[in-house]
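Each chain, letter by letter, is given below.
Number of protein chains: 2
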Amino acid sequence: MPTTIKDIAKALGLSTSTVSRALNDHPQINDETKNTIRTLAERLNYKPNQAAAGLRTHKTYCIGLIVPSISTHFFSTVISGIQQVASARGYQLLICQTKESEDEEKKYIDALVSGRVDGLMISVSRGTKNFDHLRYATEEMPVVLFDRVTEEVDAILVEAKDYEGSHKGTTHLIKRGCKNIAHLAGSKGLVVAQNRQKGYEAALKDHGMKVDERMIVDCDWDKEKVPEAIKLLLRHNPNLDGIFAANDEVAVQAILELKKLKLKVPEQVAIVGFGNYPISEIVEPTLTTVKHHPRRIGANAAHKLLSSIDPGYTNWKEEYITSDLIKRGSA
Amino acid sequence: MPTTIKDIAKALGLSTSTVSRALNDHPQINDETKNTIRTLAERLNYKPNQAAAGLRTHKTYCIGLIVPSISTHFFSTVISGIQQVASARGYQLLICQTKESEDEEKKYIDALVSGRVDGLMISVSRGTKNFDHLRYATEEMPVVLFDRVTEEVDAILVEAKDYEGSHKGTTHLIKRGCKNIAHLAGSKGLVVAQNRQKGYEAALKDHGMKVDERMIVDCDWDKEKVPEAIKLLLRHNPNLDGIFAANDEVAVQAILELKKLKLKVPEQVAIVGFGNYPISEIVEPTLTTVKHHPRRIGANAAHKLLSSIDPGYTNWKEEYITSDLIKRGSA
DNA sequence: CTGAAAGCGCTTACAG
DNA sequence: CTGAAAGCGCTTACAG
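If you read the sequences in order, they're chains A and B.
For the first sequence, position 238 (counting from the first letter as 1) is numbered 243 according to my numbering, and the numbering increases by one without interruption.
For the second sequence, position 68 (counting from the first letter as 1) is numbered 73 according to my numbering, and the numbering increases by one without interruption.
Not one of these hints is a red herring.
Note that the list lumps identical chains together, so a pair holds whenever it fits in one copy or between two copies.
In silico SDA-like links for lysine to any residue, alpha-carbon gap of 25 Å or less:
(1) K112 - N40
(2) K228 - E286
(3) K39 - T8
(4) K166 - I179
(5) K228 - L268
(6) K39 - D115
(7) K267 - R333
(8) K203 - D246
(9) K184 - S328
(10) K52 - E105
(11) K111 - T9
(12) K111 - N29
Think of the hints as simulated: they come from the structure by calculation, not from any bench.
Let the sequences and hints guide you as you build the complete structure.
What follows is the structure, given as structure tokens:
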């Protein structure tokens, strides 16, 4: 059995009230008393039971995190960023993954909202069509939505510069001289994918080019769908000379596929991705891509949530999220 | 304020005891009473406060996870595996990352052991030299150590087949005709790195080849150190014709570096990695490597921990951890 | 089958 | 400066 406040009180002939106050550095406790209590606490290796304290104070010092997947490069890096700022502020992180399922998302929200956490960070599942459970969460506690956001609920939002980045990436292809630029799009239902597509379309228009719906193929962020998509594009327009892909995984797969078809990258078809993930430096040619900031997104999301939980803490500076192009071999 | 057992009791003119029992499906409660209670609980969207329940029952239904890093491909995949089995058994996952620091590891163990979790899963930091805090944890609750294990403490261990896999990988190079095989080793202090090195050495000896200490270079799992390591090896032995790398990241970097030096892979130098991580399929030539099973390792570790927490649950079958070679272009 | 009571480990208004 | 008491939301032995 771990040491409790009671053990210390008994050993010292004091009340638990006094021990509790001493341990919490209450100003009205005699310094000597504090010292004795702390010394003994140290020696008995006393650790406060946060669950018990939380029961009284309605604070758990835990925040819940719900993501579609833990193991992709993007999300694992976001999580790492969140964990670091949460921990620095004395909060623990409870992690759940939905596997893109609305049911799982609902289940986890229910479990976490029931007194386990002080706030919630969510990246919405692809499968989520009904937003009632998210609305319920926002009524119960502070909620921040990141990356996979929705305007359907009233929560704090943290996003990457998807539109701007895609605009820059596409513009780079245009400046390079590409005339027939396709877009390998993400999942149509996701705002983040829509924003990237909008950035692509706007860049074309801004340079007096027409948007051809048939040059936009939904790959669902799924690299398996890339070979088919590329063939479709080439059938529609054999003059295809540029591709802006909604993420690096799809872009890299496109490079591999074009090479298989004996098309030269970037000479015949130039490619730009989104993410700057590790594979972008490994593929040959290396991938020109828009830099993503998963760690900063995580840190900002965590800071915003914690500032909403403890309005006292406000003096952090938001980390800057850019959308800079990293020029490499593929475009 | 969320609904409590008290609200339900009051609304129904029953005692909290009865409500609690009904909600926990206690056999001695009248079916009709159960129904009324459950119906109301449902309607009020009642969710039990697990922290409060845990205070009484000494169960938190949380397990703690301490890893050196959340965002590497290996660990993020392990975590995903852990999360899935924990969740399936009704447990939540608390995640901490040590950034390879012994101090952080100690801090997190202290925080988690203090009544927050029912058990602990740890992958030990590179920086950990003193194991007292791990020993302390094992005295307080069930602990499983995975991947980064140590024999210094009495815990449940879950490891990959590092020795066998490395033996197979090295043997493949030998069978291919390589005569001067180097090893790009992991961090010397880690058992997992030592086991991979031992597998390499044993394979050489088993085929009547000598182990040359100077053909083993410690890269510390760090791809930044690879270019230097390769140059060192070539200086020592210009006939270098094979490399077994302790992980894929290092192996891929070795391929890139050799290409830079105008050495042909696999014709002049053949390379085998360990891990089968995504980059191994993207690099050119694609990487021959030993398949790792991070998800299964996570699942097994979680199952073992939960079986140790609830000895009742025993009928799960351990997932099979193999060490098969995946032959691709680099060897 | 149901209830009153005690208690898990803590905090905190109230009193002295 | 310190303590007695109540209470956070739950469970459970004891009684009836």
